[in-house]
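Please take these sequences and the hints and turn them into a complete structure.
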Amino acid sequence: MSTIADELFASFVDFEQVEEDQYIDLKRNKRRKLEVSKSSSLKLRYIHKNLSLAKNEMDRLRDENSKRLLRDRKLSLVLDLDHTLLNSAGFSVITDEEEYLNCERDVLPEYLKSSLFRVDLTKTLTKLRPYVNTFLKEASKLYELHIYTMGGFLYALEMAKLLDPENIYFNSRIISRDDSTRMFEKSLDVVLGKENATVILDDSESVWCKEHKENLIVIERYHFFANSCKQFGVDHKSHSQLKSDENESEGALANSLKILQQIHTLFFDMVLKSVRKEVVKGCKV
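Residue numbers (my numbering): 2 to 286.
Worth double-checking, as some hints may not be accurate.
[Unchecked claim] With a straight-line Cα cutoff of 30 angstroms, these simulated BS3-like cross-link-like pairs (lysine-lysine) come out:
1) Lys138 <-> Lys259
2) Lys114 <-> Lys142
3) Lys162 <-> Lys44
4) Lys244 <-> Lys114
5) Lys68 <-> Lys274
6) Lys142 <-> Lys44
7) Lys114 <-> Lys138
8) Lys195 <-> Lys75
9) Lys124 <-> Lys114
10) Lys259 <-> Lys195
11) Lys124 <-> Lys138
12) Lys75 <-> Lys142
13) Lys238 <-> Lys211
14) Lys214 <-> Lys259
15) Lys75 <-> Lys44
The set of hints was computed from the structure by calculation and includes no laboratory data.
Take a look at the structure:
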């Protein structure tokens with residue numbers, strides 16, 4: 002099925018091409034300001050590296066994309082990466098207590114064999130949160146999925162490959178701090194979805210602009226690595242230190258999915274009631 006962006010480009014840039022381009026962009030724009038003035042156009046490089054839209058054109062595309070989603074009975078879901086869907090730690094901060102994580106995959110504990118990854122390009126160990134595969138599969142039936150991270154674009158792409166190796170959930174909808182219009186803050190202005198039909202799942206409320214906090218579901222942070230606990234001042238040992246993991250069927254992602262399913266049902270129940278009300282208005286039987 003074609004998307005709104007297909008009107009402008011024959012196809013989205015694939016991961017490898019975007020990645021190559023971003024190496025150049027990151028070097029050139031390492032210190033660029035992220036604030037966009039009121040008069041400037043909105044850059045949507047996460048869709049295509051050359052895509053820049055005036056506000057009225059962005060509004061038009063957002064309207065059309067929203068209509069398409071409503072026809073498909075879908076809403077938009079914006080997902081954070083770190084501490085929400087996964088947890089990453091740089092090679093340099095892995096503690097002696099966590100050295101067992103650097104073993105060959107064959108000798109790792111069973112629960113880590115399909116969820117722990119060494120990402121040499123970003124120099125990180127990344128642990129996928131329990132239930133994340135089921136979460137993405139089920140959520141994608143009801144929502145159009147977006148990634149939105151305060152990490153860099155290269156990191157976002159590498160994480161997307163781990164979460165969505167077949168590229169069936171996110172397509173090009175991978176937004177990083179390099180795409181943000183606000184310094185150190187996330188905003189829905191770069192998302193091609195109506196604000197009143199968009200839900201955000203993030204472990205941090207403070208990174209979101211005040212206009213969009215009402216769209217936010219705050220999920221419990223996932224602390225797999227010791228450095229993650231240290232970073233947030235958590236006074237207990239991490240899952241990696243305890244050689245344990247979050248409960249899959251009763252954990253934060255499983256509970257969040259239930260909430261998202263309820264939101265979807267309530268939203269379309271209200272839409273249906275509104276449509277019925279308009280249809281019967283003025284009718285006499």
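Comparing the hints with the structure gives:
{"no.": "1", "hint": "Lys138 <-> Lys259", "in the structure": "13 angstroms, holds"}
{"no.": "2", "hint": "Lys114 <-> Lys142", "in the structure": "27 angstroms, holds"}
{"no.": "3", "hint": "Lys162 <-> Lys44", "in the structure": "24 angstroms, holds"}
{"no.": "4", "hint": "Lys244 <-> Lys114", "in the structure": "13 angstroms, holds"}
{"no.": "5", "hint": "Lys68 <-> Lys274", "in the structure": "18 angstroms, holds"}
{"no.": "6", "hint": "Lys142 <-> Lys44", "in the structure": "29 angstroms, holds"}
{"no.": "7", "hint": "Lys114 <-> Lys138", "in the structure": "20 angstroms, holds"}
{"no.": "8", "hint": "Lys195 <-> Lys75", "in the structure": "12 angstroms, holds"}
{"no.": "9", "hint": "Lys124 <-> Lys114", "in the structure": "19 angstroms, holds"}
{"no.": "10", "hint": "Lys259 <-> Lys195", "in the structure": "22 angstroms, holds"}
{"no.": "11", "hint": "Lys124 <-> Lys138", "in the structure": "28 angstroms, holds"}
{"no.": "12", "hint": "Lys75 <-> Lys142", "in the structure": "8 angstroms, holds"}
{"no.": "13", "hint": "Lys238 <-> Lys211", "in the structure": "33 angstroms, violated"}
{"no.": "14", "hint": "Lys214 <-> Lys259", "in the structure": "20 angstroms, holds"}
{"no.": "15", "hint": "Lys75 <-> Lys44", "in the structure": "25 angstroms, holds"}
The structure fails hint 13 only (numbered hints given earlier).
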